[in-house]
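Using the sequences and the accompanying hints, generate a full structural model.
Protein sequence lines correspond, in order, to chains A and B.
Letter 9 of the first sequence, counting from 1, is numbered 9 in this note's numbering, and no numbers are missing.
Letter 18 of the second sequence, counting from 1, is numbered 18 in this note's numbering, and no numbers are missing.
FYI, nobody ran anything at the bench for these hints, they're computed from the structure.
Incorrect hints may have been included.
[Claimed, not checked] Simulated coverage check for chain A against chain B, where a stretch passes if three residues somewhere in it have a Cβ under 8 angstroms from a Cβ of chain B:
| id | region |
| --- | --- |
| 1 | 11 to 22 |
| 2 | 56 to 63 |
[What the hints assert, rightly or not] Chain A is faced by these chain B residues, among others (derived, beta-carbon under 7 angstroms):
| id | residue |
| --- | --- |
| 3 | Met6 |
| 4 | Ser11 |
| 5 | Glu13 |
| 6 | Ile15 |
| 7 | Met18 |
| 8 | Asp21 |
| 9 | Ser22 |
| 10 | Thr85 |
| 11 | Thr87 |
| 12 | Asn88 |
| 13 | Tyr89 |
| 14 | Ile90 |
| 15 | Ile94 |
| 16 | Leu97 |
| 17 | Ile101 |
[Claimed, not checked] Distance ranges between label pairs, derived from CB positions:
| id | chain 1 | residue 1 | chain 2 | residue 2 | range |
| --- | --- | --- | --- | --- | --- |
| 18 | B | Asn29 | A | Glu82 | 28 to 34 angstroms |
| 19 | A | Pro67 | B | Met6 | 30 to 36 angstroms |
| 20 | A | Lys60 | B | Val195 | 33 to 39 angstroms |
| 21 | B | Ile158 | A | Gln51 | 49 to 55 angstroms |
| 22 | B | Gly117 | A | Pro67 | 53 to 59 angstroms |
No residue lacks a Cβ here, since even glycine has one placed at the ideal position from N, Cα and C.
Chain by chain, the residues run as shown.
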Amino acid sequence: MFKELNPLLHSELRLAVISLLISVESADFVYIKEQTKATAGNLSVQLDKLQKAGYIRVEKGFKGKIPRTTCSITPEGISAFEEYVQALRSYLGDKI
Amino acid sequence: MEEKRMNEAESLELITSMINDSRARMTKNLGTPFLIWGYTTVAVSIFQAIIVACVEDFTPFLWGWFAIPVVGWLLMFLFNKQEKTVTNYIDRSINALWCAIGVTAFLLPFVGGFGLGIFPNVIILLGVGTATTAAVVKDKVVKRIGYAAIFSSLLFPIARIVLLRFFTFEQFAGKERYLVECIIFAVIIFLLLVVSGHILNYKKRCLKN
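Dropping the structure here:
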């Protein structure tokens with residue numbers, strides 16, 4: 001029986017962001033942009049979607065005079081990611 | 001990276017690649033603190049050796065050892081000034097461990113210089129373990145208890161100094177002093193391990209509910 005893949009995570013950029021945040025405590029916008037090679041505009045939109053779903057926490061602040069956006073994954077985001085990987089297993093079976 | 005539909009294999013590949021990339025970054029500049037503290041300690045040690053060899057009364061120069069934390073922390077501050085764009089769990093664990101060890105290294109001359117036996121040393125080691133564990137699981141209360149325990153090892157030399165003001169060494173030697181130190185040890189261990197353990201278990205239960 002195939003499990004349904006979470007449509008919010010089954011998108012290249014959003015999955016990349018969640019995969020990145022699952023392995024770090026927090027990362028700032030510039031780091032995520034560099035790692036995912038996304039444009040600032042597209043990344044902002046996708047971060048907003050993940051934040052609204054409660055999967056990530058976005059904190060906006062300043063370091064000196066420079067604005068800084070820091071993202072971290074929430075417990076809901078971790079659960080969603082684990083469920084997504086479980087669903088992938090059901091599709092790929094022995095290949096994982 | 002574009003917004004596109006992926007198949008399952010591509011999803012898995014993407015997850016693996018992102019996790020591997022962030023792990024590769026973890027080891028960046030890991031050796032720098034070793035170099036800073038290593039070179040500083042070697043330089044101060046050589047300076048001390050030269051002083052001992054050249055000067056008749058070298059005791060005033062023993063304070064020179066405190067140049068290690070001063071210069072070390074200054075260099076750490078300068079090298080870490082660069083903006084960190086990502087914080088990972090390994091960084092936090094390593095920082096927590098070395099902070100506790102750094103505080104201990106600073107206190108040891110005060111505690112160990114009195115030849116106080118095993119009690120304060122055991123407390124310091126358990127305090128380092130507790131403070132590090134608490135920092136990793138982000139528990140501020142237990143972290144403070146761990147650091148308080150490390151500092152509480154100073155109670156042993158303080159107790160000895162205080163007691164020697166009221167009693168002569170002969171009056172207060174052997175069994176009596178051992179009794180006082182046993183009681184101090186038991187109280188600190190109770191606060192350090194038993195109280196910390198209950199706090200951590202209680203918070204874990206609250207998280208589950």
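Hints and how they fare:
1. Counting residues of the region 11 to 22 of chain A whose CB lies closer than 8 angstroms to any CB of chain B gives 8, so the stated coverage by that chain holds, three being the minimum.
2. Check result for the region 56 to 63 of chain A against chain B: violated, 1 residues qualifying (beta carbon to beta carbon below 8 angstroms, three or more required).
3. At its closest, the beta carbon of Met6(B) sits 6 angstroms from a beta carbon of chain A; the interface hint therefore holds under the 7 angstroms criterion.
4. Below 7 angstroms, beta-carbon pairs count as interface contacts, and Ser11(B) has one with chain A at about 6 angstroms; its hint therefore holds.
5. Checking Glu13(B) against chain A: minimum C-beta separation of about 11 angstroms lies over 7 angstroms; hint violated.
6. Nearest Cβ of chain A to the Cβ of Ile15(B): about 4 angstroms, under the 7 angstroms cut. The hint holds.
7. Hint status for Met18(B): holds, given a least beta-carbon distance of 4 angstroms to chain A, under 7 angstroms.
8. The beta carbon of Asp21(B) is positioned within 7 angstroms of a beta carbon in chain A (closest approach about 6 angstroms), and the interface hint is therefore held.
9. Nearest Cβ of chain A to the Cβ of Ser22(B): about 5 angstroms, under the 7 angstroms cut. The hint holds.
10. Checking Thr85(B) against chain A by beta carbon gives a least distance of about 4 angstroms; that is within 7 angstroms, so the hint holds.
11. Taking 7 angstroms as the C-beta cut-off, the interface hint given for Thr87(B) holds, the closest approach to chain A being about 5 angstroms.
12. Taking 7 angstroms as the C-beta contact cut-off toward chain A, the hint placing Asn88(B) at the interface holds, the least distance being around 4 angstroms.
13. Annotation: interface hint on Tyr89(B) holds; nearest CB of chain A at approximately 6 angstroms, less than 7 angstroms.
14. With its C-beta approaching chain A no nearer than about 9 angstroms, Ile90(B) sits outside the 7 angstroms limit, and its interface hint is violated.
15. A hinted interface residue such as Ile94(B) counts as satisfied when its beta carbon comes closer than 7 angstroms to some beta carbon of chain A; here the least separation is about 13 angstroms, so the hint is violated.
16. A least Cβ separation of about 16 angstroms between Leu97(B) and chain A goes past the 7 angstroms threshold, and the interface hint is therefore violated.
17. With a cut of 7 angstroms, the hint placing Ile101(B) at the interface with chain A is violated, because the nearest CB-to-CB distance is about 21 angstroms.
18. Hint check: Asn29(B) to Glu82(A), Cβ distance near 31 angstroms, so the stated range 28 to 34 angstroms holds.
19. One distance hint, 30 to 36 angstroms for the beta-carbon pair Pro67(A) and Met6(B), holds here, with the actual separation near 32 angstroms.
20. The hint said 33 to 39 angstroms for the Cβ distance between Lys60(A) and Val195(B), and at roughly 38 angstroms that hint holds.
21. A beta carbon spacing of about 52 angstroms between Ile158(B) and Gln51(A) agrees with the range 49 to 55 angstroms that was offered as a hint.
22. Distance hint check for Gly117(B) and Pro67(A): the Cβ-Cβ separation is about 55 angstroms, which falls inside the suggested range of 53 to 59 angstroms.
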